[in-house]
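Colleague: Using the hints, position chain B against chain A.
Protein chains: 2
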Amino acid sequence: MHTARRSRPAFGDATVPSKDRQQLLVASLRRLVRRGAESHLRRIVQKARSEDVADAMDELLDREARLVFGMILEEPERAAEVCAAYELSSIANLLQGLDAETLKPVFALLASDDAADILTELPEELSAAILDTLEDAESDDIEELMRYAEDSAGGIMSTDFFALDKELTAREAIVQLQENPDTEVVFYVYCVNEEGTLVGVLSLRQLLLVRPSTQLKEVMNSDVISVPVTMDQEEVAEIVARYDLLALPVSDEFNKLVGIITVDDVIDVLRDEATEDMMLMAGVGDEDAVQGSTFAAFRTRIPWLLAAVGGGLGAALLIGRFEDQLAKAAVLAAFIPIVMGLGGNVGVQASTIVVRGIAMGSVDPTRFFSAIFWEARVAFLMAIVCGGVAGLAAAFLGGGDFRLAGAVSSSLLVVMVFGALLGTSVPMLSQRLGIDPAVATGPILTTSIDLVGVFLYFLICIAWLDL
Amino acid sequence: MHTARRSRPAFGDATVPSKDRQQLLVASLRRLVRRGAESHLRRIVQKARSEDVADAMDELLDREARLVFGMILEEPERAAEVCAAYELSSIANLLQGLDAETLKPVFALLASDDAADILTELPEELSAAILDTLEDAESDDIEELMRYAEDSAGGIMSTDFFALDKELTAREAIVQLQENPDTEVVFYVYCVNEEGTLVGVLSLRQLLLVRPSTQLKEVMNSDVISVPVTMDQEEVAEIVARYDLLALPVSDEFNKLVGIITVDDVIDVLRDEATEDMMLMAGVGDEDAVQGSTFAAFRTRIPWLLAAVGGGLGAALLIGRFEDQLAKAAVLAAFIPIVMGLGGNVGVQASTIVVRGIAMGSVDPTRFFSAIFWEARVAFLMAIVCGGVAGLAAAFLGGGDFRLAGAVSSSLLVVMVFGALLGTSVPMLSQRLGIDPAVATGPILTTSIDLVGVFLYFLICIAWLDL
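As they're listed, the protein sequences go chains A and B. Our numbering numbers the first residue of the first sequence as 1 and each following residue consecutively. Our numbering numbers the first residue of the second sequence as 1 and each following residue consecutively.
Simulated pairs of lysine-lysine, DSS-like, Cα-Cα distance not exceeding 30 angstroms: (1) Lys256(A) / Lys166(A); (2) Lys47(B) / Lys166(A); (3) Lys47(B) / Lys217(A); (4) Lys47(B) / Lys104(B); (5) Lys217(B) / Lys47(A); (6) Lys217(B) / Lys166(B); (7) Lys47(B) / Lys19(B); (8) Lys217(A) / Lys256(A); (9) Lys256(B) / Lys19(A); (10) Lys47(B) / Lys256(A); (11) Lys47(A) / Lys166(B); (12) Lys328(B) / Lys328(A); (13) Lys47(A) / Lys256(B); (14) Lys19(B) / Lys256(A).
Going by beta-carbon spacing under 7 angstroms, a handful of chain A positions derived as facing chain B: (15) Met278; (16) Ala333; (17) Asp450.
Hints were generated in silico from the structure; no laboratory data involved. As the structure is a computational prediction, the values presented were derived from the model and not from experiment. A virtual CB, placed ideally from N, CA and C, is assigned to each residue, including glycine.
Bound conformation, chain A alone (with noise of 0.2 angstroms):
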């Protein structure tokens, strides 16, 4: 992901990438492949951006992504900058093949980051045999960063930053840099004491805007924001956002400074989470499943259609026990549509305020009842019109049966009102609870809507018919 960037024309004379220009690459790339075209395909390569080159071999037969590593092998940088980028979920398909001393130079050129996830994704012997051919120092941070779990802070940041002593001064802190070109870029210099604990941050500009020989101590920035190794991403994610940071350090349990988290993988986190519960509410499992096989995205979806199926069949026992009723008035049946649709979709807008509310910050899960009361109002008034609109026209329908309307009427208002409490309260609780709220609405929300839903209209249309 943050690889030191080397100067390189883009492809084409363009500065603005374009999804046209990427379509011409993968287009260009398959079409050299295939002729075995490969002085044309090694100046295409090198033009474009690594990036680019990620994406486009990404789209190319496993077999034909292969053959393009193995040019970009011969100039290892590029080869790590392809690496850093390429989808997570398909290098072990693009590596596939290769030995540990081809990937060694590629490997010692990576982000301790970047390499960490990289390596997990790899079979073991192989990940294992990469590891032994780095220097012991490189090999001990990836190591290090594989223990962390994916989602903490630890499993995200880089051991690649910049401390200082703080009683360095500005004029030796610049001789460091410029002795370290290898490091992670840099926009903050954080000073340590002599137990590694993190004590100031100062940014590179400000080293540049004092006297020599200024001690760092004097001048930096001793309010420092830090996290521990052990904070979920999404925690992360929020900090770095709200504060505008670009780097964020992390600290073990004994308050050394082990890692930096700097604003791209954060970047990466947020895009991830809001498409996870994005993908939970509609009962699609998560992100993975989206582009991966038919069979994969059948297994993902199938449990919600098969909760949704119990749903429905469980309507139609409680419709059947009505039977006698539709009997006599098969208008009934005619208003079991509006009645689950109106429900299913107040409870959706509800859950999804709940649920986008609590991940952005704006809704305080604890501040339970008058988040239940605030929808609970904004309900009952959308249920006031609809309830109106649709009695008028069950009434129009009813031949001008009002009993009919009146019963309609109020079992959207009562179901409406009912699919707001439910849509507020149930991401709520999850969320005290320690449930992801997306996992808990979604697809078995609006069925218990539906079910519970029916059996209310059904009951209010016996009392108000005298069924």
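Modeller: Just chain B, lined up with the frame of chain A:
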């Protein structure tokens, strides 16, 4: 969002911001404002971070927030930080009653993009008066920014960037940096030619690594990505995320460098766009409505529900046409919910995958048929399973009437595949027609599927059951 940060101890001792501490801050502010304990209040505010103070003030009553802000105003830098971090939709309330002269020092310290954003929210008269008090260069910049569309590159860029003539030496560049300590946080130095056209970039770090006599043009990276002022902010965010940039230069129609977009603004865009998509798909309008008044929420949400009412009444009319058949076989009504529920669920699954996939770049809207075909395959597999289970249950419920079971099974099969096709094609076609795919899906999509689903169900039942 990105005013220069000053050394300031955190609220409390811990380095990790937490929700508990934030709630404590809100409670303290509230208590101290009500008690009128000004010196306590001043101390609490001075100890906390500006972002946290801004957030906490938004939870107070308007009157209370204004009182706190009055105190913060004594320190204009602080006031500028708080304004930059303040919820934009509430800032007009916060500044109400203050005059241009009082606000001048705050706006003089704000980054130009933040100033433009805030001025757009204020009453026109106040906004003009504030611009009048500022220096010409500054107010020109801000007015320029206010002219760009809110969701374009121009609308989110800042004009406080650091650009140098490519002919300068590294030594001269460092002197320039030292003499302009007021420009925004700098991490890239942009190099321009005599026309002001962007020709290259180098990092602050590179500047430190080269010999002082080196000219910038010798070491700069001339492969610099830039975007036009008119580019949509979503596309901008995609580019920043894709190439892991910390800042993205923006050029006007004459190819002149006019601003930069920093990664923190892009994070806001990514979060807002994800929220907007989720809200649109749930039929809740856009994010603004979420935290608004009851009536505002009602107004944005009701149109979607009225669309659902329309669909529901359409279904009622439809079912009304089949009243004779229902009178003969009331059990038909029992399976309306399962047909509607599954059609809708599959439609939501498919449309969510497509909408999010388009936003994330993993679904290519031009590859219409491959997406449709993939989704149809998945839906068919799922329909076989769901149709099978529901058919068995129907046979059981219908007392061994296999014709009913067959009708339910085949209806599910048809409706689920139809739901999947509509769920995939509607957002893909909208995208190609330039309509936001998230608007076109959501309640309108599920309501359409419901309507067609119920109709197909009755047709199939009539055919199978000879009604």
